[in-house]
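> On the provided structure of chain A, position chain B as indicated by the hints.
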Amino acid sequence: MAYFEFKDVELVGMAAGVPSFIANNLHPLPDDDVSSDYAPEDFVKNIGVLERRITYTQTTSDLCFHATEKLLADLKWGREEVDALILVSQTRDYATPPTSCILQDRLGFSKGTYCIDLTLGCSGWVYGLHTVASLLSTGCIKKALLMAGDSKAVHPMKLSPLFGHAGTVTALEYKPGAKGFQFHCGTDGSGYDAIIVPDGGTRHLMAPSSFVYEECEDGVKMRIQPRMKGMDVFSFGITTAPKSIKKIAEHFGFDYQSYDYLVLHQANMAMNNMIAKKLKLPAEKVPSCMYHFGNTSSASIPLTIVTELKEKTSGKVNFLCCGFGVGLSWATVAFTTENMFISDLVEIDEEGNVINK
Amino acid sequence: MKTLDEFVVLFAEQLDETDPSNVTAQTKFRELEEWSSLLALSLISMVDEEFDVTLKGDDVKNSETIEDVYNIVVSKK
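These protein sequence lines map, in sequence, to chains A and B.
Each residue of the first sequence is one higher than the one before, starting from 0 at the first, in numbering that gives the first Met the number 0.
Each residue of the second sequence is one higher than the one before, starting from 0 at the first, in numbering that gives the first Met the number 0.
In short, the hints are calculated from the structure, not lab data.
Bear in mind the structure is a predicted one, so any value in this text is a computation, not a measurement.
Be careful, since some hints might not be right.
[What the hints assert, rightly or not] Simulated restraints, written as ranges between beta carbons of each label pair:
1. A:Lys245 - B:Lys1: 23 to 33 Å
2. B:Glu48 - A:Ser109: 51 to 61 Å
3. B:Glu49 - A:Asn352: 47 to 57 Å
4. A:Asp254 - B:Met0: 23 to 33 Å
5. A:Asn23 - B:Lys27: 32 to 42 Å
6. B:Lys60 - A:Cys139: 47 to 57 Å
[To be verified] BS3-like, lysine-lysine: derived pairs with alpha carbons at most 27 Å apart:
7. B:Lys75 - A:Lys277
8. A:Lys277 - B:Lys1
9. A:Lys242 - B:Lys27
For every residue, glycine included, the Cβ atom is placed at its ideal position computed from N, Cα and C.
Bound-form chain A, shown alone (with noise of 0.2 Å):
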């Protein structure tokens, strides 16, 4: 069973960036795959996504850059003092080399910087705090950024009504005598295929036949678009967070309704609400961004922190989140802020630039 524990560490600021524009699922653009199975209405209703930031030209890498350049300056913190940057996306901007250590050189951090990419989506978040928090409470470096998100697809193609676009960071520090982190971490890879870009790897090379329209669960998909079995991910989502949460509260010995937050990546409305009413949790204690935002992977449980608690992390904070989801991996993670900061949302348009400096 992995539970883990790390203490002296601390997160002390969230940023997001986010594309500037804006598609509404009431009124679905040329390139929204909406599904002819129910109206739009009902999907809004449903799925609780109303609009999504969306952008055709701004990698992960983009507006998690904009997202650090905003944090480093709001937290006073310089170039040279951050030790390790940690990146998780499934959007790189190549298929290599490393997107974290191209943007260790945009940002200008120092050569000695640690980098590491990690291929997670909707858990990618918790794990990639795990691998920080372990870097971290050696006490070895002092500060680090985790970056997660993602963005522009790797091929012009309709785009799910489900899924925006977000790169968020977050900034943690090595502080002797903080409680730290801990953790409940879970794989089950039997269903590697719930969601799953079935060409352009190795397995399935890309092909002319990868660019191919054709009849899937969720809809019409390529093969190097992401496609998801949607009822299995929502059996799995409904059952194993629940579980995941009752099961680090158990092993470490707290009561999960006494926290302040519990910030579920955001799958869908239907999913979210279920999983809390099973957890018997209060809707106010239960923030969610979708309605706004979609589903955004990696970045959703940072973009649901940085959109809607940013007045409310003055003293102690105490959080759980629960990543779920490709893997199928899930994650949960508790930890405690202290005056936590929070920069105003960067919003970037197609061109590259910040409209809200």
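Same frame as chain A, now just chain B:
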């Protein structure tokens, strides 16, 4: 364990547009005009909540009647 009749009532509660009096154990639910993948999620939620059973997508897709779904729930109990 709830009976088939009780299951039919719970199933009918998930529907918005179909008259509950027209819903029986033999109703071919996927042929209902209002049936959609969104309603399938409601069904999975209801079964999870009322029976503590996890239905998979294939369980729903391979069932023809409401009784077929009930039998899967019973077999997983």
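> Hinted pair, alpha-carbon criterion (27 Å max): Lys277 (chain A), Lys1 (chain B). Please report holds or violated.
20 Å, holds
> State, for the Cβ atoms of Glu48 (chain B) and Ser109 (chain A), whether the hinted interval 51 to 61 Å holds or is violated.
Since Glu48 (chain B) and Ser109 (chain A) have Cβ atoms about 53 Å apart, the given range 51 to 61 Å holds.
> Hint says 23 to 33 Å; check whether the CB-CB distance for Lys245 (chain A) and Lys1 (chain B) agrees.
25 Å, holds
> Does the Cβ-Cβ separation between Lys60 (chain B) and Cys139 (chain A) fall within 47 to 57 Å?
52 Å, holds
> For the pair supplied as a hint, Lys75 (chain B) and Lys277 (chain A), is the alpha-carbon distance within the 27 Å limit?
Roughly 20 Å separates the two Cα atoms, so the pair holds.
> Tell me if the straight-line CA distance from Lys242 (chain A) to Lys27 (chain B) falls inside 27 Å.
33 Å, violated
> Can the suggested window of 47 to 57 Å be confirmed for the beta-carbon pair Glu49 (chain B) and Asn352 (chain A)?
53 Å, holds
> Does the beta carbon distance between Asp254 (chain A) and Met0 (chain B) stay inside 23 to 33 Å, or does it fall outside?
32 Å Cβ-Cβ, so the 23 to 33 Å window holds.
> If you check the beta carbons of Asn23 (chain A) and Lys27 (chain B), does the distance land in 32 to 42 Å?
36 Å, holds
Hint 9 from the list above is the single one not met by this structure.
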